[in-house]
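Novice: Keeping their order, the protein sequence lines are chains A and B.
The opening residue of the first sequence carries number 5 in our numbering; numbering runs sequentially from there.
The opening residue of the second sequence carries number 4 in our numbering; numbering runs sequentially from there.
There may be inaccurate statements among the hints.
[Claimed, not checked] A short, non-exhaustive set of chain B residues, derived as facing chain A with CB atoms under 8 Å:
#, residue
1, Ile-29
2, Ser-30
3, His-32
4, Arg-33
5, Ser-36
6, Phe-48
7, Glu-51
8, Phe-53
9, Asn-62
10, Ala-95
11, Thr-102
12, Glu-103
13, Ala-104
14, Phe-105
15, Phe-106
These are computed hints drawn from the structure, not numbers from a lab.
We treat Cβ as the ideally placed atom computed from N, Cα and C, and that holds for glycine.
Residues per chain are reported as follows:
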Amino acid sequence: QKEVEQNSGPLSVPEGAIASLNCTYSDRGSQSFFWYRQYSGKSPELIMFIYSNGDKEDGRFTAQLNKASQYVSLLIRDSQPSDSATYLCAVNKQAAGNKLTFGGGTRVLVKP
Amino acid sequence: KAGVTQTPRYLIKTRGQQVTLSCSPISGHRSVSWYQQTPGQGLQFLFEYFSETQRNKGNFPGRFSGRQFSNSRSEMNVSTLELGDSALYLCASSRAGDTEAFFGQGTRLTVV
Chain A
5 QKEVEQNSGP LSVPEGAIAS LNCTYSDRGS QSFFWYRQYS GKSPELIMFI YSNGDKEDGR
65 FTAQLNKASQ YVSLLIRDSQ PSDSATYLCA VNKQAAGNKL TFGGGTRVLV KP
Chain B
4 KAGVTQTPRY LIKTRGQQVT LSCSPISGHR SVSWYQQTPG QGLQFLFEYF SETQRNKGNF
64 PGRFSGRQFS NSRSEMNVST LELGDSALYL CASSRAGDTE AFFGQGTRLT VV
């Protein structure tokens, strides 16, 4: 079992719809959770982070964390063609410092 | 505010050679971590440096090493290059005490 798992996709979403991405992790000691967006040929860009159970909203993005069920999700509202990218879920088990474990990523395609 | 800067952007090396990659973090960031990204293995953590000390380490052979200077700039070195070392090498920086990490553009290493 991989430490961080994501559906590889592609997740095809009509423009203006909600894209829902899921991520599960295996280590209950995980402390912090991140979503990165990576366009083809580019480096990952941090779009959301969440540390506590519940929802966190930032613009069109909402991250949801459920530590009991060991999953974290990302909702993209009003999806735009520019949202077409690979979304990487990352988990940090460290209380201090950075040692991110990444999922394989979910490819999202937003169709006009 | 300048982002994370990695040099060089592209490198072609021959098997058996060694290579040094450089990373300048965001001003004020004291943590620098390094990752390898390949199509087969995804993004994998190499190591993290904080205040010139290696704070976390991934599961890579000893051919992969790094260091951090007093100005927080970091270098990673790969000795005795193998074909399988061909990858995108990414560095990420974060503030002391924070775990949100911001990536540079990466160095694309090709070993022939």
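Novice: None of the hints should be skipped; say for each whether it holds.
Specialist: Okay, the hints, checked on the actual structure:
1. Ile-29: violated, 12 Å
2. Ser-30: violated, 17 Å
3. His-32: violated, 11 Å
4. Arg-33: Violated, because the Cβ-Cβ distance from B:Arg-33 to chain A comes to roughly 11 Å (cut-off 8 Å).
5. Ser-36: holds, 5 Å
6. Phe-48: holds, 5 Å
7. Glu-51: B:Glu-51 check passes; min Cβ-Cβ to chain A is 5 Å, inside 8 Å.
8. Phe-53: Check passed: Cβ of B:Phe-53 comes within 6 Å of chain A, closer than 8 Å.
9. Asn-62: violated, 11 Å
10. Ala-95: With a minimum Cβ separation of about 7 Å from chain A (threshold 8 Å), the hint on B:Ala-95 holds.
11. Thr-102: Result: holds, 5 Å to nearest chain A Cβ.
12. Glu-103: With a minimum Cβ separation of about 5 Å from chain A (threshold 8 Å), the hint on B:Glu-103 holds.
13. Ala-104: holds, 5 Å
14. Phe-105: holds, 6 Å
15. Phe-106: holds, 4 Å
In this structure, the earlier hints numbered 1, 2, 3, 4 and 9 are contradicted, and the remaining ones agree with it.
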